[in-house]
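Protein sequences appear in the order of chains G and D.
Residue 278 in the numbering used here sits at position 278 of the first sequence, and the numbers go up by one each step.
If you count the second sequence from 1, you need to add 1000 to reach the numbering used here.
None of these hints come from the bench; they were simulated from the model.
You may find that some hints are simply not true.
Unchecked claim - Below are the BS3-like pairs computed for lysine-lysine, each with C-alpha atoms no more than 30 Å apart in a straight line:
{"#": "1", "chain 1": "D", "residue 1": "1088", "chain 2": "G", "residue 2": "123"}
{"#": "2", "chain 1": "D", "residue 1": "1225", "chain 2": "G", "residue 2": "63"}
{"#": "3", "chain 1": "D", "residue 1": "1088", "chain 2": "G", "residue 2": "63"}
As the list claims (entries may be wrong) - Restraint-style ranges between C-beta atoms, simulated for each label pair:
{"#": "4", "chain 1": "G", "residue 1": "6", "chain 2": "D", "residue 2": "1089", "range": "29 to 39 Å"}
{"#": "5", "chain 1": "D", "residue 1": "1226", "chain 2": "G", "residue 2": "14", "range": "19 to 29 Å"}
{"#": "6", "chain 1": "G", "residue 1": "12", "chain 2": "D", "residue 2": "1200", "range": "46 to 56 Å"}
{"#": "7", "chain 1": "G", "residue 1": "130", "chain 2": "D", "residue 2": "1044", "range": "53 to 63 Å"}
{"#": "8", "chain 1": "D", "residue 1": "1109", "chain 2": "G", "residue 2": "12", "range": "51 to 61 Å"}
{"#": "9", "chain 1": "D", "residue 1": "1023", "chain 2": "G", "residue 2": "106", "range": "58 to 68 Å"}
{"#": "10", "chain 1": "D", "residue 1": "1023", "chain 2": "G", "residue 2": "122", "range": "21 to 31 Å"}
{"#": "11", "chain 1": "G", "residue 1": "130", "chain 2": "D", "residue 2": "1020", "range": "22 to 32 Å"}
{"#": "12", "chain 1": "D", "residue 1": "1199", "chain 2": "G", "residue 2": "14", "range": "39 to 49 Å"}
{"#": "13", "chain 1": "G", "residue 1": "106", "chain 2": "D", "residue 2": "1199", "range": "43 to 53 Å"}
C-beta atoms are modelled at their ideal positions from N, C-alpha and C, and glycine is treated no differently.
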Amino acid sequence: MISAKGICKSFADKEVLSGIDLDIKPGKIFGLLGPSGAGKTTLIRIITGQLGFDSGEVRVFAKPVNELTGDDKKKIGIMMDDHGVYDRLSCTDNLKIFADIYGVPYSEIGKALKETGLADSAKKPAMKLSKGMRARLQLARVFMVRPKILFLDEPTSGLDPMTMKYIHKLILDRRDSGCTVFLTTHNMEEAAVLCDEVALLNEGKIVDRGAPSEICRRYNHQKTINIHLKTGEDISLAHGAESAEKISSLIEQGKVETIHSSEPTLETVFIELTGRKLEAEEEIRYA
Amino acid sequence: MRNVLVIIKKQLKDTLKNKTVLIQFIMFPLMTLVMENAISLPDMPELFFTKLFSVMYMGMAPLTSAAAIISEEKEKNTLRVLMMANVKPWEYLLGVGTYVWILCMAGAGIMATGLPAADIPFYLGVMAAGFVISIALGACIGIFSSNQMTATSLFVPVMLVFSFSPMLAMFNDKIEKVARIFYTQQLRVLMNQMSFEGIKPESIMILSVNAVLAIALFFVAFKRKGLE
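Produce the complete structure using the sequences and hints provided.
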């Protein structure tokens, strides 16, 4: 559905992307993870044809991106972090503009608003919507045209957990209906929940890729089982037959408060690979 | 062409809720009606306020509204969304330009109500030409500006020069000598004569140069900045 080979992009002397390879299969959610400034938005803009690149090849719908026709582009939905809505117009009127452009019947507007939970705010001007509702209005705008590929740039950035969860459900529903989703995020929990495959992007290079669970397993060097006892004591046991008896005995004696395996998260994998935190910049921004 | 109509439709809806742009289209036609009917002084030239405000309207409303609309769309990133939806830059600019021109012509139609019926086609022709040049200049400013604040700081001096110089030229010969190179002053001269027969080659030449410069500037701005 989407493929890229050796994409390189520089702004002035600074190389932003260096030899990016991608192969995204239809009907999957692909997550591009990286801290702010890693090159995620630049890569989305290149793949969607908004930005040129220095070398490499990008193909969407098996065509070079610069050869996509108007009809091809109508099968692509894009929600960028910085995209705006028409503040003075109502939610319905905002969607009507794009229904007219894409030739979508107006009956789809009501469906898209209902799907995104904005049916009650259909007549409300966009300027009176909360941040989460504006994000949902943007999603309604891209959902309305029933795209085959959906590009979502930080779709839940700065949203409250409830809205975030709601948007996750919408994205998963879209994937289940056969849409291919390309999303960027620096939220590793979001990536773990949503993505079938992720690529970790750092300073313009993909440092690892795979299914989130597979990546976590691959970097599970410690392979220990951590037990927190009711007495407050923490013990770590190695994976293996010799530990099984001890764990079983602790459980039988009712001494165990919590028990966890030591598999790393995407966050810890990222730190191990790059020495950087995924959300470091974001934390500073909201501090 | 469908996208051009979509842009016009969008602007019509948006303008009804955008008081700062709406007032540009209403203020001068309204002032003309009020002043022509309320003030009558001895020795005052016939249709003094209609002609005075028409030139000001021509130099002000299309220029400021075109610049304000384009710069607002750039600032709020809605223009990028339109481009992503495969609206071509020329479709967008033609849509905005046509919309501004239509509303300005509607305003000119109101201002023309005090004119003798025989003069109305000439008057509207003059206004139509002036609006086109002003829209091109406003679009240049909109394209050059990344936000509304920059657009305002650019269009205010330009608008003041073009819309007020014909009025000042009535009272000062030196200003008149400078102002005659502006399209607004030439169109004011044409409006005073109010006949196709009275058009001088000099006026046609100055108007043509102004139009060519405005359109050339528009293309230079678009080539350098695009709609990003």
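Would you mind confirming whether the straight-line C-alpha gap from residue 1088(D) to residue 63(G) stays at or under 30 Å? holds (21 Å)
Just to be sure I understand the hint, the distance between the Cβ atoms of residue 130(G) and residue 1020(D) should be within 22 to 32 Å; is that true here? Check passed, 25 Å falls within 22 to 32 Å.
Taking the Cβ atom of residue 1226(D) and the Cβ atom of residue 14(G), is their distance within the range 19 to 29 Å? holds (22 Å)
For the range 39 to 49 Å, tell me whether the beta carbons of residue 1199(D) and residue 14(G) fit it or not. violated (58 Å)
Regarding residue 6(G) and residue 1089(D), is the given constraint of 29 to 39 Å on their beta-carbon distance met? Holds, since residue 6(G) and residue 1089(D) (Cβ atoms, about 30 Å apart) stay within the stated range.
Can you let me know if the beta-carbon spacing of residue 1023(D) and residue 122(G) is within 21 to 31 Å? holds (29 Å)
Pairwise beta carbon distance, residue 106(G) to residue 1199(D), judged against the given window 43 to 53 Å: holds (49 Å)
Is 51 to 61 Å a correct range for the gap between the Cβ atoms of residue 1109(D) and residue 12(G)? holds (52 Å)
CB-CB spacing for residue 106(G) and residue 1023(D) relative to the 58 to 68 Å hint: violated (31 Å)
For the pair supplied as a hint, residue 1225(D) and residue 63(G), confirm whether the alpha-carbon distance does not exceed 30 Å. holds (28 Å)
Verify the proposed pairing of residue 1088(D) with residue 123(G), using a straight-line Cα cut of 30 Å. holds (29 Å)
I want to verify a distance hint. Is the separation of the beta carbons of residue 130(G) and residue 1044(D) within 53 to 63 Å? At 57 Å between Cβs, range holds.
The structure is inconsistent with the numbered hints 9 and 12, although it conforms to all the rest.
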